[in-house]
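Using the sequences plus the hints, can you model the full thing?
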Amino acid sequence: ILESFQADSLGRLEKLLKPFLVDLANFLFDLSTQVRQSSSDQNVFYDATIAIRRNLGPLSSDVVGQLKALYLDPTPEQDQEKLQAPTAEQEGDLNLVDTAEFESSLALERMVNPGEELYRVPLEALVIRYASLIDVDPNRVRLPIHMRPLCRAFQRTVSAQHYPAPVLLKVFEYFTRSFLQELKAYYHTLNQDLASQGVRPGLEQEISA
40 ILESFQADSL
50 GRLEKLLKPF
60 LVDLANFLFD
70 LSTQVRQSSS
80 DQNVFYDATI
90 AIRRNLGPLS
100 SDVVGQLKAL
110 YLDPTPEQDQ
120 EKLQAPTAEQ
130 EGDLNLVDTA
140 EFESSLALER
150 MVNPGEELYR
160 VPLEALVIRY
170 ASLIDVDPNR
180 VRLPIHMRPL
190 CRAFQRTVSA
200 QHYPAPVLLK
210 VFEYFTRSFL
220 QELKAYYHTL
230 NQDLASQGVR
240 PGLEQEISA
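Residue numbers (my numbering): 40 to 248.
Among the hints, erroneous ones may be present.
What the hints assert, rightly or not - Now the in silico label distances, taken between C-beta atoms and shown as ranges:
(1) A199 - G237: 38 to 48 Å
(2) V61 - A224: 14 to 24 Å
(3) D174 - A90: 13 to 23 Å
(4) V175 - A90: 37 to 47 Å
(5) R93 - D174: 41 to 51 Å
(6) D62 - D176: 32 to 42 Å
If you're looking for bench data, these hints aren't it; they were derived computationally from the structure.
Think of the CB as a built atom: it goes at the ideal place given N, C-alpha and C, for glycine as much as any other residue.
Rendered as structure tokens:
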């Protein structure tokens, strides 16, 4: 059941990512037609459109590959990458790199928070069911397809393409507005498949109660 769940969770996600990336490229193309520029200016939205269309497979595979690796370590000791505001001692030493990293963390939170709020019950149910499969305390489990690992993987994949800042902003906004809304059926199906195999059936009702 565990192996089937891991494979199914990644396979279904990749099938969602590819059409989303097509939609994302179309969204950026529409933006490119709205940009006022002289003939000598580079249209960064158009360039990103072409790059994404050429790399649909590699981009989706990179996101899924990161999450697949997380399944190898379901109970990490500590998540070092959660958002942390600089302390008073650190504030005086912030350089441009630190600022960029902090802004990246803020962008991640803007993606994660709406998703976690939207899917609180199904995500909690998946965490508990996954923990049951590997016989671990749910409080110690990191579910690779939970909102934070998923958004972080997408952010890393996109950031590695070195798109200009205006493009990144629009990509992350579109991901939050569009892709996260498509996950309702995804999480529901994964939960139902586990429940039908006897893994904590009726758990959603317990959580809601």
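Now the hints, each set against the structure:
1. A hinted range of 38 to 48 Å holds for the C-beta pair A199 and G237, which are about 41 Å apart.
2. For V61 and A224, the Cβ-Cβ distance of about 19 Å falls inside the hinted range of 14 to 24 Å, so the restraint holds.
3. Separation of D174 from A90 is about 44 Å and departs from the stated range, judged on CB atoms against 13 to 23 Å.
4. The hint said 37 to 47 Å for the Cβ distance between V175 and A90, and at roughly 40 Å that hint holds.
5. For the pair R93 and D174, the beta carbons lie near 44 Å from each other, so the given range of 41 to 51 Å is met.
6. In this structure, D62 and D176 meet the distance hint of 32 to 42 Å, their C-beta atoms being roughly 39 Å apart.
The structure is inconsistent with hint 3 alone, although it conforms to all the rest.
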